[in-house]
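Below, each chain spelled out in residue letters.
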Amino acid sequence: MSSSVKVDIWSDIACPWCFVGKRRFETAAADFAAAGGELEVEYHSFELSPETPVDFDGTEVDFLVSHKHLPAQQVEQMLAQMTELAAAEGLSYDFDALQHTNTVKAHELLHFAKAKGRQLDLVERLFAAYFEQGRHVGRVDDLADLAAEIGLDRAEAVEALTTGTYLPAVQADKEQATAYGISGVPFFVIDGRLGVSGAQDPSVFSEVLREAAGLAGATS
Amino acid sequence: VSGPLEIVGDTDAPVCEDGVCAVPGATLDRPDDEVERAR
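Residue numbers (our numbering), protein chains in the order written: chain L, 13 to 232; chain C, 36 to 74.
These are computed hints drawn from the structure, not numbers from a lab. One should not assume that every hint holds.
Residues of chain L clear of chain C, computed beta-carbon distances all greater than 10 angstroms [said to hold, decoys possible]:
#, residue
1, Glu50
2, Leu97
3, Ala140
4, Lys186
5, Glu223
Where chain C lies over chain L, by a calculated footprint (3+ residues, C-beta under 8 angstroms) [unchecked claim]:
#, region
6, 24 to 31
7, 76 to 85
8, 127 to 133
9, 192 to 198
Positions of the beta carbon are idealized from the N, C-alpha and C atoms, including for glycine.
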């Protein structure tokens with residue numbers, strides 16, 4: 013196998029299925045690479061709740077009850093099951109520690125990291141910070157700390173976030189998502205022509221990657 | 036902006052949409068009027 017495949021992934025940091033979907037996709041990507049396939053992966057911005065304040069004072073349960081009008085008992089059940097599903101992927105979700113926030117600055121930082129060639133590292137860092145470590149991913153200083161933790165220049169990150177350098181890129185991603193008809197995330201676009209919605213089983217991603225590489229039905 | 040996508044894979048795979056994430060086995064009941072209000 014020698015074909016190269018481009019995968020564009022729309023996701024939000026505040027999206028539990030996006031981190032799970034990332035793990036499942038990575039399983040398939042590893043198999044694809046082991047079979048000789050080449051992958052280029054790029055993340056794109058999608059805001060699930062752009063109305064969320066940066067400093068939301070409350071838990072994830074509080075947010076879903078107050079902003080999404082969901083019954084507290086069902087939300088607690090949902091988060092407990094989400095925690096179990098994430099654990100099956102090796103992820104340690106901690107919804108009690110999670111700090112719900114607006115993610116637009118996180119998306120700007122992801123574009124900053126992309127410009128520095130470090131986007132994939134930052135995606136992983138932000139997901140872990142948000143879902144597993146109770147870190148705040150909405151404020152400039154907190155985000156700059158996370159950027160510095162993967163080796164990006166903290167001062168440059170602060171400047172980019174403060175001036176909104178990458179806000180147009182975030183908006184462009186959102187417009188492209190609308191053009192594609194994307195209403196939920198994660199969403200994977202393969203070579204600009206195949207769309208895969210949701211945290212699919214790795215076997216599904218594997219088959220789609222093989223199809224994109226012109227090897228549909230082939231064994232890896 | 037590219038053209039329409041060919042949707043492949045499991046169309047029931049879990050996603051997060053409008054700030055809410057579907058979880059298999061967890062039923063979320065929202066009265067229709069509240070769903071509209073949430074949007």
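Hints versus structure:
1. Glu50: 20 angstroms, holds
2. Leu97: 7 angstroms, violated
3. Ala140: The claim holds: L/Ala140 sits with its nearest Cβ about 18 angstroms from chain C, beyond 10 angstroms.
4. Lys186: 12 angstroms, holds
5. Glu223: Its Cβ does come within 10 angstroms of chain C, the nearest being 7 angstroms, so this is violated.
6. 24 to 31: holds (count 5)
7. 76 to 85: It holds: at least three residues are needed, and the region 76 to 85 of chain L offers 6 whose Cβ sits within less than 8 angstroms of chain C.
8. 127 to 133: Contact hint for the region 127 to 133 of chain L vs chain C: violated, 0 residues under 8 angstroms.
9. 192 to 198: holds (count 6)
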